[in-house]
Amino acid sequence: MKGLTRISQIFVLVFLGLLVLRGLFLDNVTLGKVGVRRSNIGGVVATDLEPGWRLEIAGLHKIIELPSTYQFLDFLDQDALEIRTKDNNIVTLDISVPYRIKPGEAWEIVTAGNHAEDGLNGYRFQRLTRETTVGVLRQHLADLQSSDFYDTDRRNIVTDQALAALNEQLAPLHVEANAILMRAVFFRAEYETQLLQIQLNAQNKLLDGARKEVADMQQKLDNYQQKTIALASAREQDWVAKLARVDRAYQVGFLTA
31 MKGLTRISQI FVLVFLGLLV LRGLFLDNVT LGKVGVRRSN IGGVVATDLE PGWRLEIAGL
91 HKIIELPSTY QFLDFLDQDA LEIRTKDNNI VTLDISVPYR IKPGEAWEIV TAGNHAEDGL
151 NGYRFQRLTR ETTVGVLRQH LADLQSSDFY DTDRRNIVTD QALAALNEQL APLHVEANAI
211 LMRAVFFRAE YETQLLQIQL NAQNKLLDGA RKEVADMQQK LDNYQQKTIA LASAREQDWV
271 AKLARVDRAY QVGFLTA
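Start counting the sequence shown at 31; every next residue gets the next number (our numbering).
Since the hints were made in silico from the structure, they are not lab data. Be a bit skeptical, because a hint or two may be false.
Within a straight-line C-alpha distance of at most 27 Å, the following computed BS3-like cross-link-like pairs (lysine-lysine) qualify [claimed, not checked]:
(1) LYS272 <-> LYS116
(2) LYS116 <-> LYS63
(3) LYS257 <-> LYS272
(4) LYS242 <-> LYS272
(5) LYS235 <-> LYS257
(6) LYS63 <-> LYS92
(7) LYS235 <-> LYS250
Between beta-carbon pairs, the in silico distance windows are [unchecked claim]:
(8) GLU222 <-> ARG130: 34 to 40 Å
(9) ASP268 <-> GLY239: 27 to 33 Å
(10) ASP148 <-> THR77: 23 to 29 Å
(11) ARG157 <-> ILE120: 25 to 31 Å
(12) LYS250 <-> ARG130: 39 to 45 Å
(13) ARG130 <-> GLU220: 38 to 44 Å
We put the beta carbon where it would ideally sit given N, CA and C, even for glycine.
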């Protein structure tokens, strides 16, 4: 019995010792995070750490965790962007921009010191990313005319250009944007009324064009039908004439006989 108690005590001591050793030498990088090891001797290690257990010697190393998944910059409601369009109208935009830390470059963020908490429940690199994004969006979306915001092709061209410019400016921050998602567009009430009339006129123009195409096709069909009827009538008359000649010839032959 004493032997069993002794074994149990040893097991507990070993288990506690392993827990202490784990706390002294290991750290767990959680899912959805990327780890960066910083040494008190050699500084930041130029390698990102994937999720899992990683070496962290207490007093010598510190593993800093940053988000590795996509985050969203949301410009909604009170934070919605106001842009002055090329034709001098004010438009309010609801926009979201998904972005992430570039794979393999989290250690660069730590080296630059942009991993520090910003006091707004975020990191410094997140604040810098938001400020950069606002500047790029204001600059490039201002190239749109008011009516362009309702022209999907034109809007996509400008947002693609803005995304390329944004990623170019975000490169020094070691993050990359995935898309610029424009969910809603709001103009001042008086311009909304004017814009609706413009859109209605454009739709009516398209409708008139469609009606003209239908009328042209109907005219072609009518012409074809008239030609077909005329051709059929001409052939019918030709056959009637041929039958009449044959009938007369038959009658003449019968009388002669």
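Outcome of the hint check:
With a C-alpha separation of about 77 Å, the suggested pair LYS272 and LYS116 falls outside the 27 Å cut-off, and the hint is violated. This hinted pair does not check out: LYS116 and LYS63 have alpha carbons roughly 42 Å apart, beyond 27 Å. At roughly 22 Å between alpha-carbon atoms, LYS257 and LYS272 fall within 27 Å of each other, so this suggested pair holds. Among the hinted pairs, LYS242 with LYS272 is inconsistent with the structure: their alpha-carbon atoms are about 45 Å apart, more than 27 Å.
The suggested pairing of LYS235 with LYS257 is violated, with an alpha-carbon distance near 33 Å, which exceeds 27 Å. Restraint check: the Cα-Cα separation between LYS63 and LYS92 comes to about 15 Å, which is no more than 27 Å; the hinted pair holds. Pair hint LYS235 plus LYS250 holds up; C-alpha atoms about 23 Å apart against a cutoff of 27 Å. Taking the beta carbon of each, GLU222 and ARG130 are about 36 Å apart, inside 34 to 40 Å as hinted.
Hint check: ASP268 to GLY239, Cβ distance near 43 Å, so the stated range 27 to 33 Å is violated. Checked against the hint of 23 to 29 Å, the C-beta distance between ASP148 and THR77 comes to roughly 25 Å, which is consistent with it. In this structure the supplied range 25 to 31 Å holds for ARG157 paired with ILE120, their Cβ-Cβ distance being about 26 Å. Checked against the given bound of 39 to 45 Å, the beta carbons of LYS250 and ARG130, roughly 57 Å apart, lie outside it.
The hint said 38 to 44 Å for the Cβ distance between ARG130 and GLU220, and at roughly 41 Å that hint holds.
Going down the numbered hints, you'll see the structure goes against 1, 2, 4, 5, 9 and 12, while the others check out.
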